[in-house]
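*Asks:* One line per chain: the protein sequences are V and A, in this order. First residue of the first sequence: 1, per this note's numbering; consecutive thereafter. First residue of the second sequence: 1, per this note's numbering; consecutive thereafter.
Source of the hints: derived by calculation from the structure; they are not laboratory data. There could be a bad hint or two in this list.
Stated by the list, open to error - 25 angstroms max Cα-Cα, derived SDA-like pairs, lysine to any residue:
hint : chain 1 : residue 1 : chain 2 : residue 2
1    : V       : 36        : V       : 109
2    : V       : 36        : A       : 69
3    : A       : 71        : A       : 83
4    : V       : 56        : V       : 31
5    : A       : 9         : V       : 40
6    : V       : 70        : A       : 59
7    : V       : 36        : A       : 28
8    : V       : 36        : A       : 24
9    : A       : 57        : V       : 1
10   : V       : 56        : V       : 84
11   : V       : 70        : A       : 41
12   : A       : 14        : A       : 103
13   : A       : 57        : V       : 62
14   : V       : 56        : A       : 103
15   : V       : 51        : A       : 103
16   : V       : 110       : A       : 9
17   : V       : 110       : V       : 93
18   : V       : 36        : A       : 105
19   : V       : 56        : V       : 1
20   : A       : 71        : V       : 93
21   : V       : 51        : V       : 73
22   : A       : 70        : A       : 14
23   : V       : 56        : V       : 67
24   : V       : 36        : A       : 70
25   : A       : 70        : A       : 40
26   : A       : 57        : V       : 28
27   : V       : 36        : V       : 7
28   : V       : 70        : V       : 93
29   : V       : 36        : A       : 59
30   : V       : 36        : A       : 103
31   : V       : 70        : V       : 41
32   : A       : 14        : A       : 86
33   : A       : 71        : A       : 14
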Amino acid sequence: GQQVMQIPQYQHVQEGEDFTTYCNSSTTLSNIQWYKQRPGGHPVFLIQLVKSGEVKKQKRLTFQFGEAKKNSSLHITATQTTDVGTYFCAGPGGNTGKLIFGQGTTLQVKP
Amino acid sequence: DGGITQSPKYLFRKEGQNVTLSCEQNLNHDAMYWYRQDPGQGLRLIYYSQIVNDFQKGDIAEGYSVSREKKESFPLTVTSAQKNPTAFYLCASSILQGYGPYEQYFGPGTRLTVT
């Protein structure tokens with residue numbers, strides 16, 4: 001079945017360093033979503049990418065959707081302690097509205 | 001205030017007991033979902049519903065049951081048949097029109113511990 005894989009599983013960085021998480025799908029995706037889950041919290045929607053090669057920015061966060069629409073990345077510039085959490089990508093699971101989530105990348109930031 | 005509520009936040013049960021987790025939304029969303037999250041794991045879909053009185057199994061439906069009698073409510077029952085029920089349970093909802101999927105709004109979750 002369709003799979004969405006994320007790497008790395010964990011990342012520890014020093015505050016101020018950059019961070020990137022990668023998402024790969026076994027199938028072509030019509031779109032991809034990114035969510036953030038703070039420790040002890042629930043996932044919160046960050047963004048959705050739809051177009052091949054699309055790049056979107058939210059302050060220090062840059063999201064990219066691959067040309068073949070099978071991979072995506074989230075890059076954080078100059079991490080802050082507020083960036084701590086787990087970042088999930090998610091792709092459509094057919095035409096049902098359901099999502100297939102990646103395993104997530106947990107980011108820890110050392111001040 | 002629009003959103004999704006789940007109750008209770010923490011739930012403790014003895015093995016062999018069925019337990020029902022509540023999920024209510026006032027966002028007027030058609031679709032609702034139940035996920036299970038284990039420590040260090042991603043989100044695994046248990047059940048989802050696109051319309052009242054209809055629901056479909058997700059990837060890990062065994063040992064769980066749901067109902068959707070009202071648009072705003074989607075309770076999940078963890079039955080005694082679920083072999084490893086201790087987990088964090090998240091409910092979500094989304095609109096369902098046109099060419100989705102659309103962003104999912106999550107509730108605060110229920111941490112279930114079965115001993």
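*Asks:* Take the hints in turn and mark each one as holding or not.
*Replies:* Hint check results:
1. For the proposed pair residue 36(V) and residue 109(V), the alpha carbon gap of about 15 angstroms is at most 25 angstroms, so the pair holds.
2. This hinted pair does not check out: residue 36(V) and residue 69(A) have alpha carbons roughly 31 angstroms apart, beyond 25 angstroms.
3. A hinted pair counts as satisfied when its Cα atoms are at most 25 angstroms apart, and residue 71(A) with residue 83(A) does not qualify at roughly 30 angstroms.
4. With a C-alpha separation of about 13 angstroms, the suggested pairing of residue 56(V) with residue 31(V) holds against the 25 angstroms cut-off.
5. Of the supplied pair hints, the one linking residue 9(A) and residue 40(V) holds, its CA atoms being roughly 11 angstroms apart against a limit of 25 angstroms.
6. For the hint linking residue 70(V) to residue 59(A), the alpha-carbon distance of about 22 angstroms falls within 25 angstroms, and the restraint holds.
7. Restraint check for residue 36(V) and residue 28(A): satisfied, since their Cα atoms lie roughly 24 angstroms apart, inside the 25 angstroms limit.
8. Restraint check for residue 36(V) and residue 24(A): the C-alpha separation of about 22 angstroms stays at or below 25 angstroms, so the hint holds.
9. A C-alpha spacing of about 15 angstroms is found between residue 57(A) and residue 1(V), which places the hinted pair at or below 25 angstroms, so the restraint holds.
10. For the hint linking residue 56(V) to residue 84(V), the alpha-carbon distance of about 21 angstroms falls within 25 angstroms, and the restraint holds.
11. Annotation: proposed proximity of residue 70(V) to residue 41(A) holds, straight-line Cα distance about 22 angstroms (limit 25 angstroms).
12. Restraint check for residue 14(A) and residue 103(A): the C-alpha separation of about 36 angstroms exceeds 25 angstroms, so the hint is violated.
13. Note on residue 57(A) and residue 62(V): the hinted pairing is violated, with a Cα-Cα distance of about 35 angstroms set against a maximum of 25 angstroms.
14. Of the supplied pair hints, the one linking residue 56(V) and residue 103(A) holds, its CA atoms being roughly 16 angstroms apart against a limit of 25 angstroms.
15. Straight-line distance between C-alpha atoms of residue 51(V) and residue 103(A) comes to about 16 angstroms, which keeps the hinted pair within the 25 angstroms bound.
16. About 29 angstroms separates the Cα atoms of residue 110(V) and residue 9(A), which puts this hinted pair outside 25 angstroms; it is violated.
17. For a cut-off of 25 angstroms, the pair hint linking residue 110(V) to residue 93(V) is broken: about 36 angstroms separates their Cα positions.
18. Under the criterion of a C-alpha separation no larger than 25 angstroms, the hint pairing residue 36(V) with residue 105(A) is consistent with the structure, at around 12 angstroms.
19. For a cut-off of 25 angstroms, the pair hint linking residue 56(V) to residue 1(V) is broken: about 29 angstroms separates their Cα positions.
20. Between residue 71(A) and residue 93(V) the CA atoms are separated by roughly 22 angstroms; this keeps the pair inside 25 angstroms, and the hint holds.
21. Distance restraint check for residue 51(V) and residue 73(V): the Cα-Cα separation of roughly 14 angstroms lies within the 25 angstroms cut-off, and the hinted pair is therefore satisfied.
22. Simply put, residue 70(A) and residue 14(A) have alpha-carbon atoms about 29 angstroms apart, too far for the 25 angstroms limit, and the pair is violated.
23. For a cut-off of 25 angstroms, the pair hint linking residue 56(V) to residue 67(V) stands: about 14 angstroms separates their Cα positions.
24. Simply put, residue 36(V) and residue 70(A) have alpha-carbon atoms about 29 angstroms apart, too far for the 25 angstroms limit, and the pair is violated.
25. Only pairs whose Cα atoms come within 25 angstroms are accepted, and residue 70(A) paired with residue 40(A) is rejected, the gap being roughly 33 angstroms.
26. Distance restraint check for residue 57(A) and residue 28(V): the Cα-Cα separation of roughly 23 angstroms lies within the 25 angstroms cut-off, and the hinted pair is therefore satisfied.
27. Between residue 36(V) and residue 7(V), the direct Cα distance comes to roughly 15 angstroms. Compliance with the 25 angstroms bound is thereby established for this hinted pair.
28. Taking the CA atoms of residue 70(V) and residue 93(V), the gap is about 14 angstroms. The hint holds against a cut of 25 angstroms.
29. The suggested pairing of residue 36(V) with residue 59(A) holds, with an alpha-carbon distance near 22 angstroms, which does not exceed 25 angstroms.
30. Under the criterion of a C-alpha separation no larger than 25 angstroms, the hint pairing residue 36(V) with residue 103(A) is consistent with the structure, at around 12 angstroms.
31. Taking the CA atoms of residue 70(V) and residue 41(V), the gap is near 29 angstroms; set against the 25 angstroms cutoff, the hint is violated.
32. For the suggested pair residue 14(A) and residue 86(A), the alpha carbons sit about 11 angstroms apart, so the restraint of at most 25 angstroms is met.
33. Taken as a hint, the residue 71(A) and residue 14(A) pair is broken in the structure, with Cα atoms around 31 angstroms apart against an allowance of 25 angstroms.
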